[in-house]
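J.: Between the sequences and the hints, there should be enough to build the whole structure, so can you do that?
2 protein chains.
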Amino acid sequence: MANDLLELHRQRLDDALDAIATRGYWSAFSEVPSGKIYGETAKADGAAAFKARLGSPWSGNQPGTASMVGSEVSPYGMELGITYPSPDLDGMLAASKAAMGDWKRAGIDARVGACLEMLDRLNKRSFEIANAVMHTTGQGFMMAFQAGGPHAQDRGLEAIAYAWQEMHRCPPTATWTKRVSKTDSVTLEKTYRVVPRGVAVTVGCSTFPTWNSYPGLFASLATGNSVVIKPHPGAILPLAITVEVCREVLAEAGFDPNLVMLACDTPEAPMTAELVTHEYVKIVDYTGGNEFGDWVETNARQAVVFTEKAGVNSIILDGIEDARAVTGNLAFSLCLYSGQMCTTPQNIYIPADGIETPEGKMSFDDTTAAIVKAVDWLLSDPARAAEVLGAVQNEATIKRVQDCSSAGGAILRKGGPIENERFPEARTCSPTIIQVEEGDEALYQQECFGPIIYIVKTAGTARSIELASGAARRLGSLTCGLYSNDDEVIAATEEAMADAGVALSCNLAGQIYVNQSAAFSDFHVSGANPAGNATLCDGAFVASRFRVVASRIPVEVPVEASA
Amino acid sequence: MANDLLELHRQRLDDALDAIATRGYWSAFSEVPSGKIYGETAKADGAAAFKARLGSPWSGNQPGTASMVGSEVSPYGMELGITYPSPDLDGMLAASKAAMGDWKRAGIDARVGACLEMLDRLNKRSFEIANAVMHTTGQGFMMAFQAGGPHAQDRGLEAIAYAWQEMHRCPPTATWTKRVSKTDSVTLEKTYRVVPRGVAVTVGCSTFPTWNSYPGLFASLATGNSVVIKPHPGAILPLAITVEVCREVLAEAGFDPNLVMLACDTPEAPMTAELVTHEYVKIVDYTGGNEFGDWVETNARQAVVFTEKAGVNSIILDGIEDARAVTGNLAFSLCLYSGQMCTTPQNIYIPADGIETPEGKMSFDDTTAAIVKAVDWLLSDPARAAEVLGAVQNEATIKRVQDCSSAGGAILRKGGPIENERFPEARTCSPTIIQVEEGDEALYQQECFGPIIYIVKTAGTARSIELASGAARRLGSLTCGLYSNDDEVIAATEEAMADAGVALSCNLAGQIYVNQSAAFSDFHVSGANPAGNATLCDGAFVASRFRVVASRIPVEVPVEASA
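For the record, the sequence lines run as chains G and H.
For the first sequence, the numbering used here gives the first residue as 350, with consecutive numbering after it.
For the second sequence, the numbering used here gives the first residue as 350, with consecutive numbering after it.
Please note that the accuracy of each hint is not assured.
Copies of the same chain look alike in the list, so a pair counts if it works inside one copy or between any two.
What the hints assert, rightly or not - Computed list of lysine to aspartate or glutamate pairs in EDC-like fashion (alpha-carbon distance at most 16 Å, straight line):
| # | residue 1 | residue 2 |
| --- | --- | --- |
| 1 | K722 | D752 |
| 2 | K400 | E389 |
| 3 | K527 | E380 |
| 4 | K473 | D394 |
| 5 | K446 | D848 |
| 6 | K453 | E786 |
| 7 | K453 | E843 |
| 8 | K531 | E380 |
| 9 | K806 | D715 |
| 10 | K453 | D437 |
| 11 | K473 | E786 |
| 12 | K806 | E708 |
| 13 | K453 | D848 |
| 14 | K710 | E670 |
Derived from the structure by calculation, the hints contain no laboratory data.
T.: Following this line, the structure appears as structure tokens:
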């Protein structure tokens with residue numbers, strides 16, 4: 350059956366392979382939450398399926414469970430009341446390891462076919478997953494649908510395509526004939542087996558539980574490993590649904606469903622450190638904060654570790670064409686999901702003597718005022734503000750905003766709670782904008798996750814580039830947005846950011862934003878600075894998840910073949 | 350000029366790309382040390398060039414030298430008397446780092462072209478390198494020529510081919526157009542830059558200084574990194590010649606020759622630990638013993654580390670077709686280079702009740718006697734013995750043979766010095782063969798590097814497979830040779846060895862040996878057991894030596910393209 354699944358989804362795989370090679374726009378799963386695409390009842394069905402889960406234990410049936418845990422509270426106010434299995438680690442990992450036997454021997458195409466089927470079914474559950482993502486991460490519904498559903502599925506597909514290609518770089522067999530003397534030759538028949546590394550652990554984050562987890566999950570699974578998913582205790586449900594779907598497909602295809610298991614813990618009794626250092630665990634995909642990410646990189650020595658952490662992202666303003674278009678674009682980037690994207694800009698560098706415009710210099714003060722005004726305008730409509738900002742996932746983020754606000758610098762815009770008509774109890778916070786001098790590095794040269802923006806007055810653009818790239822090297826950085834009308838400045842920034850491992854977006858205006866990273870085209874995190882040691886997605890992300898082990902045996906060959 | 354070099358060697362690259370995809374027999378560089386291929390005076394010229402180096406400082410001119418060191422003594426007796434630069438590490442690594450600027454910006458094809466030219470020139474120096482390899486490693490001349498020259502060059506070419514392919518998986522630019530509303534689309538021009546990791550260190554070993562170093566050297570260099578080569582103090586010259594050739598090509602092609610530098614130390618003041626943990630060093634390729642290799646893996650946390658270590662290799666005898674052919678083949682594998690290959694079998698597992706033959710069971714004692722007899726016969730001709738065994742690189746190996754001989758088990762064959770007519774002072778040692786019971790694991794389940802062979806009497810073939818695969822999992826293993834006439838035994842061994850990450854050779858007879866690993870076809874070390882964390886060569890060996898960093902900028906597109 351599993352090979353039939355590959356045939357069923359073959360066109361999608363081929364299209365994905367073409368997309369990663371050409372890197373133009375492509376998407377397998379529609380980001381439009383439309384009834385025409387997903388079915389007229391899909392939205393209501395998804396909402397109902399989500400509601401039906403509330404207040405009940407997760408129904409997944411898996412071995413190695415020690416207790417049931419769970420205390421998810423929606424950033425929009427309600428308690429989810431769902432409990433999930435917390436494992437007896439040795440028991441769960443033994444089951445995970447044991448599940449690999451048939452899977453690894455099933456062959457590349459059978460595994461990839463099953464993985465493609467999982468994504469297809471996850472896509473059909475996009476509305477249910479959107480509700481789950483919204484009420485764990487605090488994202489607005491549209492973002493929860495897109496980033497948590499189709500975009501995450503695209504990222505998973507991208508990883509599967511890389512894995513498929515990587516495994517097929519070596520043929521399954523080869524005939525090797527060498528002339529060993531004037532009259533003799535030796536012919537060996539060689540067989541190459543793809544061998545998985547072992548149990549893979551995917552550590553999810555609280556803000557993008559599916560988007561950041563699917564690449565590692567599917568890369569590991571496609572290459573023959575079993576996977577244990579360890580969600581953040583605050584955002585379990587989206588991954589629990591994912592595990593359900595994966596297990597269902599595995600069982601139907603005749604494989605051990607324990608190839609994908611859910612392992613939950615609590616903030617009071619965290620389990621990740623013990624899990625990622627367990628001897629059975631040979632691959633770790635981690636998304637989360639830098640401190641624990643660094644710990645995982647240093648301590649999970651028995652495993653190959655892929656990390657997606659965080660950093661200090663920047664905007665460099667040197668010159669603009671159209672102030673309204675630029676500040677409008679920037680405002681959206683700054684406000685989207687209350688700055689809780691790892692790609693959200695934090696530091697905006699502006700020369701003290703202002704920026705170039707077609708009408709001449711725009712002063713520093715006018716530029717900062719235009720940014721603040723654009724944010725204010727974007728948030729002036731309460732319904733729009735509620736959708737764009739969403740809710741704040743973690744109470745600690747609110748505390749951080751307060752701490753940063755009182756630490757120094759001039760407050761240009763004081764953020765705070767906004768009204769959310771649908772969810773009056775939502776934990777909300779609009780951006781705080783603080784102006785600092787370039788010498789105030791102690792304030793702005795650190796990651797301030799959440800709706801906190803520093804506008805840094807610099808001696809000039811050359812200095813802005815230095816500060817942004819220096820921060821990337823020391824602290825990590827995922828994105829940099831540059832606005833300039835000067836080709837030399839653009840070229841210099843491209844060089845500096847390439848060397849610092851930061852994805853650069855130049856002169857974005859209109860409906861494309863520095864925080865967006867498109868599957869099949871953009872690399873998310875470069876792996877070339879402290880923001881992470883891996884990228885989503887490239888050959889390096891998949892190549893070391895498996896090994897090829899060969900056997901060879903002499904064969905007789907017809908005389909003509911040995912000539 | 351550098352792009353011309355790619356065109357010059359384009360066919361060779363294309364052939365190599367085809368070879369790694371199909372994995373049949375292919376070689377770019379002839380292994381036949383013939384005047385017809387290498388030039389009628391090549392042999393004499395190479396010998397003369399080698400002799401001219403003796404007793405003088407290495408002529409390479411590179412910055413950051415603190416002192417000159419060197420105390421190489423040929424295992425065949427003579428002192429080389431050559432001195433080499435020992436670095437001021439900070440100075441050398443600063444020069445190495447600074448050299449990367451133009452190289453990384455030169456582009457994939459320019460770098461690969463220069464690397465291909467280096468290999469081409471190394472090939473022309475194969476006789477000189479053969480003498481250098483022979484008189485540092487102790488290999489016989491033919492092996493020194495083949496393994497140290499063309500086979501090493503083939504392994505380097507294989508790594509270059511993988512690197513070229515990996516870097517070209519992402520196009521240099523892409524045009525990305527996304528429909529963002531019913532009427533609008535956004536088009537971004539994206540540029541993808543290959544960015545190196547930083548300074549790469551290649552740590553050479555004393556037995557195969559070029560063969561084991563070329564893959565890492567060329568993989569790192571082709572992907573834009575600079576390389577510091579740190580040879581084993583006992584086998585510097587082959588890599589010093591290599592560095593010379595690389596620097597010559599770099600300078601001619603207009604690049605900084607400091608992209609490749611030689612860093613030497615002494616047994617009394619080893620430098621490798623400090624070198625591989627230096628903050629500038631981002632890639633380490635290590636070949637050598639497990640203990641220090643494990644240390645490098647654990648401590649060089651700032652770098653991506655690739656290790657090729659050692660292990661306990663095995664032969665499993667279950668059944669044979671032709672005793673003379675099998676024992677003759679085995680004897681050569683056991684004797685070649687006095688067992689100093691990391692692929693040499695150490696433990697030969699034979700069932701207590703003997704093995705299957707077409708004439709019925711051959712008893713355990715008859716089987717062991719046939720192996721001993723075959724070794725004795727192979728070494729009965731002094732000239733042949735001298736060429737096959739070569740000399741022993743390290744005095745410690747002689748000591749180890751003595752220790753193992755007195756540790757336990759029954760000595761079936763007592764090895765010792767052999768006569769070497771050409772080099773009467775050569776340090777030689779023929780194989781010692783010791784018979785043990787399967788319960789004597791303390792004796793044979795440890796790496797005994799050198800001409801030491803254990804014949805292990807087991808309860809049966811199933812137990813032999815368990816012992817061999819168990820050792821591979823715990824201690825590492827590169828090769829396993831199986832002899833069986835039973836397809837089920839072959840299949841079971843294939844499964845067990847694949848799971849244990851060991852390359853399996855079945856029923857080898859004639860002129861192909863378990864210790865041989867052919868470039869473009871065989872993976873050397875699997876990376877799937879403690880014998881090493883990497884393989885020569887696959888996608889994983891090259892993919893994480895560079896990163897792709899992107900920039901994107903909106904472009905206006907003609908109306909028809911945005912439809």
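J.: Does each hint fit the structure? Answer for all of them.
T.: We went through each hint and held it up to the structure:
1. Proximity of K722 and D752 under a CA criterion of 16 Å is satisfied in neither setting, with 24 Å inside one chain copy and 82 Å between copies.
2. Taking identical chains as interchangeable, the C-alpha atoms of K400 and E389 are never at most 16 Å apart, the minima being 19 Å within one chain and 85 Å between chains.
3. Within a single copy, K527 and E380 get their C-alpha atoms only as close as 54 Å, which misses the 16 Å cut-off; across copies the closest is 12 Å, which meets it.
4. With identical chains, the CA atoms of K473 and D394 are at most 16 Å apart within one copy only, with a shortest distance of 11 Å there and 72 Å across copies.
5. For the homomeric pair K446 and D848, the shortest alpha-carbon distance between copies (12 Å) is at most 16 Å, but the shortest distance inside one copy (40 Å) is not.
6. In this assembly of identical chains, K453 and E786 lie within 16 Å of each other by CA distance neither inside one copy nor across copies; the values are 57 Å within and 35 Å between.
7. In this assembly of identical chains, K453 and E843 lie within 16 Å of each other by CA distance solely across copies; the values are 14 Å between and 43 Å within a copy.
8. With identical chains, the CA atoms of K531 and E380 are at most 16 Å apart between copies only, with a shortest distance of 14 Å across copies and 65 Å within one.
9. For the homomeric pair K806 and D715, the shortest alpha-carbon distance inside one copy (13 Å) is at most 16 Å, but the shortest distance between copies (87 Å) is not.
10. Taking CA atoms no more than 16 Å apart as the test, K453 paired with D437 passes in neither setting, with 25 Å inside one copy and 49 Å between copies.
11. For the homomeric pair K473 and E786, neither the shortest alpha-carbon distance inside one copy (50 Å) nor that between copies (61 Å) is at most 16 Å.
12. Taking the closest pair of Cα atoms, K806 and E708 never come within 16 Å of each other, the shortest separation being 21 Å inside a single copy and 91 Å across copies.
13. When the C-alpha separation of K453 and D848 is checked against a cutoff of 16 Å, the pair qualifies only between copies, where the shortest distance is 10 Å, while the shortest distance within a copy is 39 Å.
14. In the homo-oligomer, the alpha carbons of K710 and E670 lie at most 16 Å apart inside one protomer (11 Å), although the nearest pairing across protomers, at 89 Å, exceeds that limit.
Going through the hint list in order, the structure does not satisfy hints 1, 2, 6, 10, 11 and 12.
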